[in-house]
Amino acid sequence: MEQTQSLGSPSLPEKGPGSEVPGAVPTRRYTFPKEEHLCRKKLIDELFGKQSSSFGVYPLRIVWLPSEGPTGAPPQVLISVSKRGFKRAVDRNRLKRLIREAYRLNKYQLLEHPGGHPVGVLGIIYTGKEKSALPLVEKKLISAFHRLLGTAVPRPASPPAV
1 MEQTQSLGSP
11 SLPEKGPGSE
21 VPGAVPTRRY
31 TFPKEEHLCR
41 KKLIDELFGK
51 QSSSFGVYPL
61 RIVWLPSEGP
71 TGAPPQVLIS
81 VSKRGFKRAV
91 DRNRLKRLIR
101 EAYRLNKYQL
111 LEHPGGHPVG
121 VLGIIYTGKE
131 KSALPLVEKK
141 LISAFHRLLG
151 TAVPRPASPP
161 AV
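So the sequence shown is numbered by full-length UniProt numbering: it starts at 1 and just counts up by one.
I should point out that these hints are in silico values taken from the structure, not numbers from a laboratory. We put the CB at the ideal spot given by N, CA and C, even for glycine. Please note: incorrect hints may appear among the correct ones.
Taking lysine-lysine and the DSSO-like style, the derived pairs with C-alpha atoms no more than 30 Å apart in a straight line are [stated by the list, open to error]:
| # | residue 1 | residue 2 |
| --- | --- | --- |
| 1 | 50 | 129 |
| 2 | 34 | 50 |
| 3 | 34 | 139 |
| 4 | 34 | 96 |
What follows is a set of in silico ranges between Cβ atoms, one per label pair, in the way DEER data are often shown [as the list claims (entries may be wrong)]:
| # | residue 1 | residue 2 | range |
| --- | --- | --- | --- |
| 5 | 72 | 133 | 16 to 24 Å |
| 6 | 111 | 39 | 17 to 25 Å |
| 7 | 134 | 36 | 37 to 45 Å |
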């Protein structure tokens, strides 16, 4: 006799908030949801106002507003690439995609900082004149996070001298 199989995948138990095993180490979520995108005009104006702080890590410029106190919540982030530097939308969109990817993969360094981080709103502006690859953007963004948090940038271990 033939058995009929239902189409589709077998149902798996859903994993949502609160479904973690008590006492287990939480896993990192490498996401960049819409709630973390900075879209409000009022906050953008404040970000580029007189109360903000900024510094450069070429080819990026980091602009940020402090939060009321140290927090573990992710900051709202604005990513910008100048139309003056890159006339073609394809080039601007690619650079923004690279920056988003680098941020998505490394934002845990802000969120998991002991005692919380001081960032409420963050702006990442690409100021370079040439197109960069993901490894360079990621390296510079990590360096900017360490500078933002006031910690030393970890250096790879050098081989022992013989």
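Hints, one by one, checked against the model:
1. 50 / 129: holds (26 Å)
2. 34 / 50: holds (27 Å)
3. 34 / 139: Holds: residue 34 and residue 139 sit about 24 Å apart, inside 30 Å.
4. 34 / 96: holds (15 Å)
5. 72 / 133: 16 to 24 Å: At roughly 31 Å between Cβ atoms, residue 133 and residue 72 fall outside 16 to 24 Å, so the hint is violated.
6. 111 / 39: 17 to 25 Å: Since residue 111 and residue 39 have Cβ atoms about 21 Å apart, the given range 17 to 25 Å holds.
7. 134 / 36: 37 to 45 Å: Distance hint for residue 134, residue 36 is violated at roughly 20 Å.
Comparing the model with each numbered hint stated earlier shows that hints 5 and 7 do not hold.
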